[in-house]
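Protein sequence lines correspond, in order, to chains A and B.
Just remember that this note's numbering sits 15 ahead of the position in the first sequence, which is counted from 1.
Just remember that this note's numbering sits 1396 ahead of the position in the second sequence, which is counted from 1.
Hints should not be assumed to be uniformly reliable.
Listing some non-contacts, in silico: residues in chain A with all C-beta distances to chain B over 12 angstroms [said to hold, decoys possible]:
| id | residue |
| --- | --- |
| 1 | L58 |
| 2 | D117 |
| 3 | F167 |
| 4 | F171 |
| 5 | I215 |
| 6 | I216 |
| 7 | I279 |
| 8 | E287 |
Capping the alpha-carbon separation at 35 angstroms, the derived lysine-lysine pairs in DSBU-like fashion look like this [stated by the list, open to error]:
| id | chain 1 | residue 1 | chain 2 | residue 2 |
| --- | --- | --- | --- | --- |
| 9 | A | K249 | B | K1679 |
| 10 | A | K357 | B | K1470 |
| 11 | B | K1762 | A | K226 |
| 12 | A | K149 | B | K1656 |
| 13 | B | K1760 | A | K149 |
| 14 | B | K1760 | A | K229 |
| 15 | A | K229 | B | K1706 |
| 16 | B | K1762 | A | K229 |
| 17 | A | K151 | B | K1760 |
| 18 | B | K1760 | A | K226 |
| 19 | B | K1762 | B | K1679 |
| 20 | A | K249 | B | K1786 |
| 21 | A | K357 | B | K1615 |
| 22 | B | K1877 | A | K249 |
| 23 | A | K357 | B | K1746 |
| 24 | A | K357 | B | K1463 |
| 25 | A | K226 | A | K151 |
| 26 | B | K1656 | A | K151 |
| 27 | A | K229 | B | K1786 |
| 28 | B | K1786 | A | K226 |
Negatives, chain A to chain B, calculated, CB over 12 angstroms [said to hold, decoys possible]:
| id | residue |
| --- | --- |
| 29 | I30 |
| 30 | S204 |
| 31 | I336 |
Keep in mind that the hints were calculated from the coordinates and are not lab data.
Note that the structure is predicted; figures quoted are calculated from it, not measured.
For each residue, glycine too, the CB sits at the ideal point set by N, CA and C.
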Amino acid sequence: MKKRLNVGYLVALLISLAVALLIGAAILAISGHNPLVAYRALLGGAFSNGRHIGDMLEYAMVLCLCGLACDIGSRVGIFNVGGEGQLLLGAIFAAQIGVWLDGTSAWIAIPLAALGAMAVGGFYAWIPGVLKVKLKVNEVITTIMLNTVAAFLCQFLAKGPWKNANKNIVAGTGNLPSAFWFSKLVPGSNLSTAIIFSAIITFLVWYILQKTTKGYEMRLTGDNPRFALFAGLKTDRIVIITMVISGMMCGLCGMFRVYGAEHIYKSSVSNEYYFEGLMVAMIAQYQPLPTVIISLIFAILKIGAMGMETAAGVPKQLYLIIQTVVIFCMAAETGIRVAIGKAREKRQAALDIKTRREGGAAHE
Amino acid sequence: MTDEIRFEHISMEFPGVLANDDISLSIRDGEVFALVGENGAGKSTLMNILYGINTPTAGELYVRGEKVTTFSPKAAIDRGIGMVHQHFMLVPSFTVAQNIVLGREPKNAGVLFDNRKAEKLTRELVEEYGLEVDPSAEIRDISVGLQQRVEILKTLYRGADILILDEPTAVLTPQETDELFEVIRRIVREKQMTVIIITHKLNEVMAISDRVGVMRQGKLIGVEETKNVNEKILASMMVGRPVLFDHLEKAGEPGEVAIKVDDLYVADNRGLPAVRGVSLEVKKGEVLGIAAIEGNGQSELLEAITGLRKINRGTVAVCGRDATNHTPGEIRDMGLSHVPEDRLSTGVDKLASVADNLLVGRQKEKRFNLLGFHQRRSTVERYAEELYRKFDIRGAGIHTEVGSMSGGNMQKVVVAREFTFDTPVLVISQPTRGVDIGAMEFFHTRIIEKRNEGAAILLSSADLDEVFRLSDRIITLYEGKITGEFSANAITKEEIGFYMTGSRKEGEA
Chain A
16 MKKRLNVGYL
26 VALLISLAVA
36 LLIGAAILAI
46 SGHNPLVAYR
56 ALLGGAFSNG
66 RHIGDMLEYA
76 MVLCLCGLAC
86 DIGSRVGIFN
96 VGGEGQLLLG
106 AIFAAQIGVW
116 LDGTSAWIAI
126 PLAALGAMAV
136 GGFYAWIPGV
146 LKVKLKVNEV
156 ITTIMLNTVA
166 AFLCQFLAKG
176 PWKNANKNIV
186 AGTGNLPSAF
196 WFSKLVPGSN
206 LSTAIIFSAI
216 ITFLVWYILQ
226 KTTKGYEMRL
236 TGDNPRFALF
246 AGLKTDRIVI
256 ITMVISGMMC
266 GLCGMFRVYG
276 AEHIYKSSVS
286 NEYYFEGLMV
296 AMIAQYQPLP
306 TVIISLIFAI
316 LKIGAMGMET
326 AAGVPKQLYL
336 IIQTVVIFCM
346 AAETGIRVAI
356 GKAREKRQAA
366 LDIKTRREGG
376 AAHE
Chain B
1397 MTDEIRFEHI
1407 SMEFPGVLAN
1417 DDISLSIRDG
1427 EVFALVGENG
1437 AGKSTLMNIL
1447 YGINTPTAGE
1457 LYVRGEKVTT
1467 FSPKAAIDRG
1477 IGMVHQHFML
1487 VPSFTVAQNI
1497 VLGREPKNAG
1507 VLFDNRKAEK
1517 LTRELVEEYG
1527 LEVDPSAEIR
1537 DISVGLQQRV
1547 EILKTLYRGA
1557 DILILDEPTA
1567 VLTPQETDEL
1577 FEVIRRIVRE
1587 KQMTVIIITH
1597 KLNEVMAISD
1607 RVGVMRQGKL
1617 IGVEETKNVN
1627 EKILASMMVG
1637 RPVLFDHLEK
1647 AGEPGEVAIK
1657 VDDLYVADNR
1667 GLPAVRGVSL
1677 EVKKGEVLGI
1687 AAIEGNGQSE
1697 LLEAITGLRK
1707 INRGTVAVCG
1717 RDATNHTPGE
1727 IRDMGLSHVP
1737 EDRLSTGVDK
1747 LASVADNLLV
1757 GRQKEKRFNL
1767 LGFHQRRSTV
1777 ERYAEELYRK
1787 FDIRGAGIHT
1797 EVGSMSGGNM
1807 QKVVVAREFT
1817 FDTPVLVISQ
1827 PTRGVDIGAM
1837 EFFHTRIIEK
1847 RNEGAAILLS
1857 SADLDEVFRL
1867 SDRIITLYEG
1877 KITGEFSANA
1887 ITKEEIGFYM
1897 TGSRKEGEA
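All chains, please: the whole structure from these sequences, using the hints.
See below:
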């Protein structure tokens, strides 16, 4: 039963992607571009060489971590929109810890930076979590507002107390000592060993949500909090802890951005990546494995679009239109899946009745 | 008399279940037709076909001689068919009038919603049909009985002359049921409407219907003139075997006090006092029944005892330990299990499987955990299978989503889980609301078994027969206060009605 559903999901996903690409092709054709050339350039942009593949995978990693952070929140019925702020704070603290610990062993600095990033991100998610549970303050509002606070706080730190000694860098922390950099898996790309840790985290999230007693309790809490409370679960605590873990993942993602790719805290650490991760999670219906798949698709489109712009001369604006259409179609995936399921049920039911009738007649 | 509705060889198949099997049935113009059967017999499915929610997999449907080709609620409404579902479909934050006109709103200058006109239209309907209700009250503030009236008025507003009522009395008090029947008789007599009632309360079938159709396992077993049958005949047609309402043997003397409530004050959802100074004791080995008309504080009282609602004043003790304003989890640990009033919102996780719902509360037990965190699915499933069989849950197995099950089977899931905790204290609210005869028999036997094993049971039910059948002692609640306490065999149903409506108080009689 479960297996069949997953196949249905993949089929629906592929159909929606195909439809989106067809619509995109029409738009390309109308605006005077050859769709085939443009799409070849898109694929080329994502896959033509190791560097592109590396960048694509790194971006997928970021989307996946953010998406999973959103997934676990939604599992207990809380919507963490504040991942962007948690990510930024995690990044800047991790970067500054690296600057402070210059000269020590990477075996000390990297774990400390990771812990620091998780602590800051977790704390920053704890605030809206507690407000939600204790005072029933809507977490969507608090997390969105805290994003702004975090962004300005980081601006202040990067321009003020933690500013880079280099005057040409207007807003940025000190350079991360190269001893602490994650090794590159593909030279020249953003892809580093951080993706290995991300893969482990992804596995853990999947495992906890699907296979453990805690994941079971989380699901009960998210599905029906009143029932969970009635059944004796400490729902308040479950919600807060989950929110903190979600924030910790975002903070760690920020640290990966600094230690794996940027090697400094500056605004390019995240260009609203969390919100794209949020979109991934929503399209994936907050399920871990689809989140991974859709992260990859989004990353291919995003990195590929840069190739499309340079190789086929398709302006960026047009790429945005195509991306939007893709998102619409993929969001319609549920509808497509339901339609497929209904058609199959109907066929099956008609068949069953027919055989039953005929079988019955044969007996008489 | 003409045939208003004709089903011809209708079949309806859901994956794995043949819900309706080759059904041919005619319903006459201007009659009250009762459709009875156990849970899952296919009554609701058949009526959902008539109302256009389901499209039959085979067969034909005729309404007033016309063949139905498009199945949708909208098309059904256009044909003059109205349906009131078991679970109401009202917007809680809208007023009565707004709910009634929803979808066909009167407009001001063709654009703006005209609230005054909506209320006027509602008032006209109310007067025409004698269904008293305040058009400007918000749905969330009115009782279930009144909400049902709103549902009926909604169908009338849309011009229905065929009315389908799905388990209409499941949520009503005896008085409300009488009033509903009065309304049904009136609309049939004066407005020549056709009414179809889905039910499994046979005394009601006898009281209200002209003809009755009995369904069992998707098949139509028979259609009879009501005056030619009796409850016994119908019950055996429904179940497929003679049904004996056994006398429930109660044994043993009450023991020590297990629930002690002292001078309790609790507020309702709006912050108004709902329970006002209630004190009671329940001893081990006895059933204390609460008889009260809906909305007189019994729901709030049970929620306060079980930790789901805040206590403003007074104390609750469970098994000798203070439970006042403790969490439901802590109170469970003191030895209390709870079958809640509203199983959909409190008793189950609709989205989870039967197995997951049966496990709740035991998920931390060693046998279900490997290394203390990994859930052992095979053990969980074996445990669920065991309860599934033991409590005779009927559905498509332990992997079924609970939300897709019938009310009776959903209740079996709740009872199976709560009764298996084997706690010394049981709080049970509305155990058989919306449940069929077979299951009712089963629940009652289980409850008395628990009592005889020495459990202290606090029972609240809108079904007065049930309260009398199961209780050793009965208290009546009126406006949040206890108006009387009786030994169950020392008072009649009629007498207790006076205490439930507050027209008599203990000591005044």
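Hints, verified against the model:
{"no.": "1", "hint": "L58", "in the structure": "holds (39 angstroms)"}
{"no.": "2", "hint": "D117", "in the structure": "holds (39 angstroms)"}
{"no.": "3", "hint": "F167", "in the structure": "holds (37 angstroms)"}
{"no.": "4", "hint": "F171", "in the structure": "holds (42 angstroms)"}
{"no.": "5", "hint": "I215", "in the structure": "holds (17 angstroms)"}
{"no.": "6", "hint": "I216", "in the structure": "holds (17 angstroms)"}
{"no.": "7", "hint": "I279", "in the structure": "holds (39 angstroms)"}
{"no.": "8", "hint": "E287", "in the structure": "holds (32 angstroms)"}
{"no.": "9", "hint": "K249/A to K1679/B", "in the structure": "holds (30 angstroms)"}
{"no.": "10", "hint": "K357/A to K1470/B", "in the structure": "holds (20 angstroms)"}
{"no.": "11", "hint": "K1762/B to K226/A", "in the structure": "holds (16 angstroms)"}
{"no.": "12", "hint": "K149/A to K1656/B", "in the structure": "holds (30 angstroms)"}
{"no.": "13", "hint": "K1760/B to K149/A", "in the structure": "holds (26 angstroms)"}
{"no.": "14", "hint": "K1760/B to K229/A", "in the structure": "holds (9 angstroms)"}
{"no.": "15", "hint": "K229/A to K1706/B", "in the structure": "holds (28 angstroms)"}
{"no.": "16", "hint": "K1762/B to K229/A", "in the structure": "holds (14 angstroms)"}
{"no.": "17", "hint": "K151/A to K1760/B", "in the structure": "holds (28 angstroms)"}
{"no.": "18", "hint": "K1760/B to K226/A", "in the structure": "holds (14 angstroms)"}
{"no.": "19", "hint": "K1762/B to K1679/B", "in the structure": "holds (32 angstroms)"}
{"no.": "20", "hint": "K249/A to K1786/B", "in the structure": "holds (30 angstroms)"}
{"no.": "21", "hint": "K357/A to K1615/B", "in the structure": "holds (25 angstroms)"}
{"no.": "22", "hint": "K1877/B to K249/A", "in the structure": "holds (32 angstroms)"}
{"no.": "23", "hint": "K357/A to K1746/B", "in the structure": "holds (21 angstroms)"}
{"no.": "24", "hint": "K357/A to K1463/B", "in the structure": "holds (24 angstroms)"}
{"no.": "25", "hint": "K226/A to K151/A", "in the structure": "holds (30 angstroms)"}
{"no.": "26", "hint": "K1656/B to K151/A", "in the structure": "holds (32 angstroms)"}
{"no.": "27", "hint": "K229/A to K1786/B", "in the structure": "holds (28 angstroms)"}
{"no.": "28", "hint": "K1786/B to K226/A", "in the structure": "holds (27 angstroms)"}
{"no.": "29", "hint": "I30", "in the structure": "holds (22 angstroms)"}
{"no.": "30", "hint": "S204", "in the structure": "holds (37 angstroms)"}
{"no.": "31", "hint": "I336", "in the structure": "holds (34 angstroms)"}
Of the numbered hints listed earlier, not one is contradicted by the structure.
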